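**Student:** These protein sequence lines are chains E and F, in that order. The first sequence lines up with residues 1 to 257 when you count with my numbering. The second sequence lines up with residues 258 to 414 when you count with my numbering.
Derived from the structure by calculation, the hints contain no laboratory data. Heads up, some of the hints might be wrong.
[Unchecked claim] DEER-style ranges, computed between Cβ atoms:
1) F:A322 with E:P170: 54 to 60 Å
2) E:D2 with F:R287: 28 to 34 Å
3) F:G356 with E:G94: 34 to 40 Å
4) F:S392 with E:G239: 33 to 39 Å
5) F:K323 with E:P170: 58 to 64 Å
6) F:H380 with E:E184: 26 to 32 Å
7) F:A322 with E:E156: 22 to 28 Å
8) F:E311 with E:E244: 19 to 25 Å
[To be verified] Stretch by stretch, here's where chain F covers chain E in the computed footprint (C-beta under 8 Å, at least three residues):
9) 44-51
10) 205-212
Predicted model only: the values in this text are computed from it and were never measured. Ideal placement from N, C-alpha and C gives every residue a C-beta, glycine not left out.
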Amino acid sequence: MDLLSNYIIHQADNALILGHRNSEWTGHGPILEQDIAISNIALDLIGQARNFYQLAAHRINEMTPGEKITEDDLAYLRDVNEYKNFILVEQPNGDWAKTILRQFYFSSYQFLLYRELLKSQYPEIAAICEKSIKETRYHLKWSGEWVIRLGDGTEESHARMLDAQKDLDPSIAELFLPADFEFEAEASGAGILTEDLKIEWYQRVNKIFETATLPTVSSEKKAMQLLSGKKGVHSEHLGFLLAEMQFLQRAYPGNSW
Amino acid sequence: MNKEEIISILSEVKDPEIPVLTIADLGILRAVEYTDDFIQIQITPTYSGCPAMETIQEDIRAELAKYGLKNVEIKQVLSPAWTSDWMSESGKQKLEAYGIAAPAKHNCFLSGEDKPESCPLCHSKNIEMISRFGSTACKALYRCLDCREPFDYFKCH
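Kindly produce the complete structure, drawing on both the sequences and the hints.
**Tutor:** Shown next as structure tokens:
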């Protein structure tokens with residue numbers, strides 16, 4: 001698989017894994033409206049993931065004579081070390097505060113990424129981002145409002161947001177560390193180095209944290225030393241997630257509804 | 258059969274989740290080509306994960322098959338991205354009559370002013386948002402503070 005295919009799959013994996021995590025809330029949300037909201041966000045993300053997987057499968061098939069893989073092969077038949085999503089998005093849901101903060105961190109990132117990829121010289125990537133950024137803008141607004149509501153809410157909700165920050169902040173640095181497929185994507189004009197998004201990401205996130213009366217996060221924090229989701233070195237959580245998500249295709253290969 | 262007749266057949270295909278609107282009203286029917294008994298159709302999703310897209314494709318095939326038209330290719334296009342501005346004026350009126358507030362003008366979301374003009378039931382402007390997300394990805398949930406009824410708002414997108 002070439003580097004650019006991996007770049008596309010990285011975008012798909014982030015959207016799929018976070019979409020799957022969010023879908024775990026369906027039927028368990030704190031109130032009906034927010035159960036519906038998080039399920040809708042899950043749907044948007046899984047839709048975005050499908051578009052990226054379809055594009056990657058098409059590219060791989062074109063480049064490899066005889067290959068006929070599909071979006072389903074990419075989602076259901078790759079193992080943990082082949083997944084290229086961030087450590088952030090595979091983190092368990094925890095409580096509502098942690099789910100909200102994870103969404104807010106990721107949507108803040110994804111919004112800036114898509115905005116830059118609108119200029120991608122790979123027309124299919126630009127088209128997916130043009131479609132997706134409208135949805136992401138909405139996710140960002142929704143999650144940002146929740147960060148403020150919880151941070152500047154009760155003593156209990158504030159304390160839970162502090163716990164969520166403590167849990168998730170070690171996963172931030174990875175968002176801005178380059179992987180080999182990103183160097184290739186940048187060089188070919190198809191993608192960007194996410195390092196260029198870093199300053200704006202911290203500014204935007206910290207602005208919301210100030211309104212939410214939460215401590216700001218420092219851009220000086222180092223990445224975790226052992227884990228790198230982009231490179232396929234995941235936390236233990238992803239294996240459990242895939243075991244559930246992939247069960248049907250592993251147990252009954254090729255089965256469909 | 259000519260292209261115009263095919264377009265008018267397609268214009269009868271309803272959105273499965275909002276059955277008062279046709280795919281033409283919604284603006285998701287993007288292009289139709291008809292040459293040598295071969296029909297090529299382009300449709301675009303409202304939202305990336307819209308689960309209605311597959312049903313819509315099946316419905317398009319079924320509708321055309323009624324007229325013996327079976328040589329059909331349906332392609333999903335993403336760019337230019339769908340916007341609620343593509344919804345027809347008659348579509349907006351049908352939506353309001355159905356009890357769903359029609360989308361405001363484009364870019365209202367960017368300016369933070371994406372909200373329905375009034376309650377589709379009693380037309381009061383005294384309304385408030387309950388949730389940014391409603392029963393489908395394309396809708397938000399509001400309530401009217403005068404007639405006290407909750408209602409869906411088709412979001413500006």
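**Student:** Now tell me, hint by hint, if it's right for this structure.
**Tutor:** Going through the hints against the structure:
For F:A322 and E:P170, the Cβ-Cβ distance of about 56 Å falls inside the hinted range of 54 to 60 Å, so the restraint holds. For E:D2 paired with F:R287, a C-beta distance near 31 Å keeps the hint of 28 to 34 Å intact. Against the hinted window of 34 to 40 Å, the Cβ-Cβ separation of F:G356 and E:G94 comes to about 38 Å, which satisfies the hint. A hinted range of 33 to 39 Å for the beta carbons of F:S392 and E:G239 is consistent with their spacing of about 35 Å.
For the pair F:K323 and E:P170, the supplied restraint of 58 to 64 Å holds, since their beta-carbon distance comes to about 59 Å. Checked against the hint of 26 to 32 Å, the pair F:H380 and E:E184 fails, with Cβ atoms roughly 57 Å apart. Checked against the hint of 22 to 28 Å, the C-beta distance between F:A322 and E:E156 comes to roughly 59 Å, which is inconsistent with it. The beta-carbon spacing between F:E311 and E:E244, approximately 24 Å, falls within the hinted interval of 19 to 25 Å.
Against chain F, the stretch 44-51 of chain E contributes 7 residues with a C-beta closer than 8 Å to a partner C-beta. That satisfies the three-residue criterion, and the hint holds. With 0 residues having a Cβ less than 8 Å from any Cβ of chain F, the stretch 205-212 of chain E misses the three-residue criterion, and the hint is violated.
Violated hints, in rising order: 6, 7, 10; the structure is consistent with all others.
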